[in-house]
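Following full-length UniProt numbering, the numbering of the sequence shown begins with 1 at its first residue and continues without gaps.
The set of hints was computed from the structure by calculation and includes no laboratory data. Heads up, the beta-carbon is just placed ideally off N, CA and C, and yes, glycines get one too. Hints should not be assumed to be uniformly reliable.
Straight-line Cα separation of at most 30 Å, BS3-like style, residue types lysine-lysine; simulated pairs [to be verified]:
| no. | residue 1 | residue 2 |
| --- | --- | --- |
| 1 | K28 | K43 |
| 2 | K12 | K43 |
| 3 | K14 | K61 |
| 4 | K61 | K75 |
| 5 | K12 | K61 |
| 6 | K28 | K14 |
| 7 | K43 | K14 |
| 8 | K56 | K12 |
| 9 | K14 | K56 |
| 10 | K28 | K61 |
| 11 | K43 | K61 |
| 12 | K43 | K56 |
| 13 | K12 | K28 |
Label-pair ranges, simulated between beta-carbon atoms [to be verified]:
| no. | residue 1 | residue 2 | range |
| --- | --- | --- | --- |
| 14 | W107 | G127 | 27 to 35 Å |
| 15 | I145 | F76 | 50 to 58 Å |
| 16 | F111 | G137 | 18 to 26 Å |
| 17 | P62 | W93 | 46 to 54 Å |
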Amino acid sequence: MAMAETIGQRIKQKREVLGLTQSEVAEKLFVTQQTVARWEGDKHLPPITALEDLAKLFDVKPAYFFGGDKVVMHKFNFFAFFGSMVFNLLFFWMVAISIVTFLLTNWAMIFGGLIAPLAIGYQAVYGIRQFEWSRFGVACLFTIIAIVVLLQFGGSLTPIFGAC
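Can you build the whole structure from these sequences, using the hints too?
See the structure below:
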């Protein structure tokens, strides 16, 4: 037997299967026969309490009246799955590459700050560039900043994210 589409049609279908009249159903639910007729004719919706009583009378779950016994098959959408996976994979790698690049840049700047005075001394000793106190002072300032950053973040491998 095909599943009826509306609540009223389902009430009528179950009543007829059980061989009951509208009057008999009305009597058992303490409503009038016209009320049952209106429900079956989809003129009015029965209240929830009436649906619970109908479910007991017809020996079904209340969800039956709302089509709750229908089995819904969901088809697997390969293209949606594939698109989602590609997007997530690309997004992951973009974020990962950005973070690695950011961290490597930070470490390179810290390392550069630490060796800056040594590089200026090397250039002066081997005659590559003349020694200037202003350049040496700025290099020492960068070294101090690099040391502070290292001490602040405890020498962890993630100097910026280590504080989080």
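Q) Would the pair K12 and K43 pass a check requiring their Cα atoms to be no farther apart than 30 Å? A) Judged against 30 Å, a Cα distance of about 13 Å means the pair holds.
(Q) So if I understand the rule, the pair passes when the alpha-carbon distance is 30 Å or less; does K43 with K61 pass? (A) holds (23 Å)
Q: With a cut-off of 30 Å on the C-alpha distance, tell me whether K28 and K61 pass.
A: holds (18 Å)
Q: Measure nothing beyond the straight line between the CA atoms of K14 and K61; if it is 30 Å or shorter, mark the hint as holding.
A: Within the cut-off at roughly 12 Å; holds.
Q.
What's the verdict on K61 and K75, does the C-alpha distance respect the 30 Å limit or exceed it?
A. Given pair K61, K75 holds - Cα atoms ~27 Å apart, limit 30 Å.
Q.
Hint check: K43 vs K56, CA-CA at most 30 Å. Holds or violated?
A. Judged against 30 Å, a Cα distance of about 23 Å means the pair holds.
Q: Hint says 18 to 26 Å; check whether the CB-CB distance for F111 and G137 agrees.
A: holds (20 Å)
Q: With a cut-off of 30 Å on the C-alpha distance, tell me whether K12 and K28 pass.
A: It holds: about 15 Å lies between the C-alpha atoms, which stays within 30 Å.
Q.
Please check whether P62 and W93 have a Cβ separation lying inside 46 to 54 Å.
A. Holds: the Cβ-Cβ distance is about 50 Å, inside 46 to 54 Å.
Q: Verify the proposed pairing of K14 with K56, using a straight-line Cα cut of 30 Å.
A: holds (12 Å)
Q) Is the gap between the beta carbons of W107 and G127 within 27 to 35 Å? A) Cβ of W107 to Cβ of G127: about 31 Å, so the range 27 to 35 Å holds.
Q. For the pair I145 and F76, does the Cβ-Cβ distance stay inside 50 to 58 Å?
A. holds (56 Å)
When each numbered hint is compared with the structure, no violation occurs for any of them.
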